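Given the coordinates of chain A, work out where chain B should sit on it, guided by the hints.
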Amino acid sequence: MRRFLDRLYAASGAFAAICLAGICVLMLAQALGREFGLLIRAADDITSWLTAASAFFALGHTFRHGELVRVGLFIDMLRPGARRIAEIGSLTVAALFVGYMAWAVTKFVYESWKFKEVAQGLVKIPIWIPQLCFVFGVLIFFIAIVDELVTVIKRQKPAYQLAEEDRRARGDFSEMA
Amino acid sequence: MGTLTIALILLALLLVLLSAGVWIAISLAAVAWFGLQFFTTTPPDVNLFQSFWGSSASWTLAALPLFIWMGEILYRTKLSEEMFEGLAPWLTWLPGRLMHVNVLACGIFGTVSGSSAATCATIAKVALPELVKRGYDEKTALGSLCGAGTLGILLPPSIIMVVYAVAAEVSILKVFLAGFLPGFLLMALFSGYIIAWALLNPDKTPKETSQLSFGEKLYKSRHLIPCVLLIVFIVWLMVIGWATATESAAYGVLGSLAIAWWSGGLNRDTFWQSLMGATRLSCMIMFILAGAAFLSSCMAFTGIPKALAAWVASLEPNKYTLIAVLAGIYILLGTALDGVSMIVLTTSIVIPMIEKAGIDLIWFGIFIVLLVEIAEVTPPLGFNLFVLQTMSGRDSNYVAYASIPFFFMMVLCIVLITVFPEIATWLPDVLMRKPK
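Protein chains in written order, with this note's numbering: chain A, -6 to 170; chain B, 70 to 505.
Only chain A is shown next, with the shape it has when bound in the complex (with noise of 0.2 Å):
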């Protein structure tokens, strides 16, 4: 199971980054194309999905990574009894509203399947296509916060404490904007 769950969120990650490479291929390949009077049709829908898609696949990996940005002037002062308490009311407050927004993003996309919406740009192709990722990313991200709280409740250190922890003890400073 721990290793099933940890592929998920590497391959989410990897495909989110595939995704970000994907903008800037289709970038280069419009605008080579435009040099020889190639237009490629609807790279700008393209592009918004490939953006799309990159952000929701990544956020399981991005959260487990310790990335999302949270207020830690607070927390990082309680002590280690408090702290488990404190992590456990946030993912708590976590899970519950990205298990509603999982449940909102799942019933939007299947109502847009069942009444066969099409995409209003270039490509008409059903909506529910590129909305897709947007289910998944959230589903990931969502069974990734409920392992978190998991981890805390069996009185272990969740993994974006622990990533957080390196990276600090690693001097490495490139995630911040």
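In short, the hints are calculated from the structure, not lab data. Note that the structure is predicted; figures quoted are calculated from it, not measured. Honestly, I wouldn't trust all of these hints.
Unchecked claim - Derived CB-CB ranges, DEER-like: (1) Arg337/B x Gly114/A: 30 to 38 Å; (2) Pro112/B x Lys147/A: 31 to 39 Å; (3) Asn387/B x Arg34/A: 30 to 38 Å.
Claimed, not checked - Now the stretches of chain B that chain A is said to cover, found in silico as 3 or more residues with beta-carbon under 8 Å: (4) 114 to 121; (5) 315 to 328; (6) 348 to 357.
C-beta atoms are modelled at their ideal positions from N, C-alpha and C, and glycine is treated no differently.
Same frame as chain A, but now just chain B:
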């Protein structure tokens, strides 16, 4: 229930969630859900989907991950070592000598990187030990690195500026262009302080012995030339209107990959690391933007920003009073929030107010970016302080104390662009006026 009561309830809820350590994007979205569910008749689930999807599936936003990736690639090259070696020979004639390398190197790296902490870390990694080894004053070295590191977000392309432009719905390009002159001004102020300090403390700057000819100097900085060319190229593309911000970012990625490959720093491992790093950082930022978009739509339904803007307008505040009050609020926010959150959290409320007061939105973007910079060098949550604390082994209060003069230079820069707004607005006005 009155608009004021609703606003206070939502604000209180947001503060509770944020200070409890709930992830910022989730806090924003949860407050938005609460507001829509209990104070309006709109279904929050449909709204949630549309806000999140609308803000993420955006062509304009595609520039963000690409600029981040570009910075991540260069962060992993040997650029930081080459920067010191390449710039040092040119700056020995100024009072303060190699101390100016900090300012100039941060300025150059700042144009390719959009991040302040990354700029600070990259330059400090080599410059700090080199300066201390040669007998320069550690305190001023730390302070100048801390201050100049923030140039990363003021000199375009800047991640913070893309975030502001997307959140305030203004042209990314205009905000970029507006950043140049204030960026140069700030560099001049930093260097000016170093010169004044060096003249007042002549014994604290060690003598340089080596004398190099022009050709030797050029040879020493040969590794910097591709990087400088890349910057000039990207900016030129955007200025002449040949490429959009997103396309320029794609060229930037290509160019920095070429630089990394040429300098031998590119292999499958570093390529993948830079891509994954960029994916995570842009995911974090886009998730906050999406959460803030949801909160903005909730705000629009409750009518809070409109009421607040009308109330502020009814006070008929002096423009400078309004700016001073906002500066105070942002500095306060900066003690607990990072720059991206600071901007997206406030735009839905502040932008209508700013528009009503007749303040230019492009100028306001530069103003906010400068305030975010100040937040990065002030405790308790100053990213640059954390960076230098780790690099120097001093505690963060010492670093903050060392940066005080540079902090005042930043305040002076804000005052100057407030009194002379043309410093920010002149360049975009001149370059963007011509019809395309």
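Which numbered conditions among the earlier hints are violated in the structure presented, ordered from lowest to highest?
Violated: hint 3 alone.
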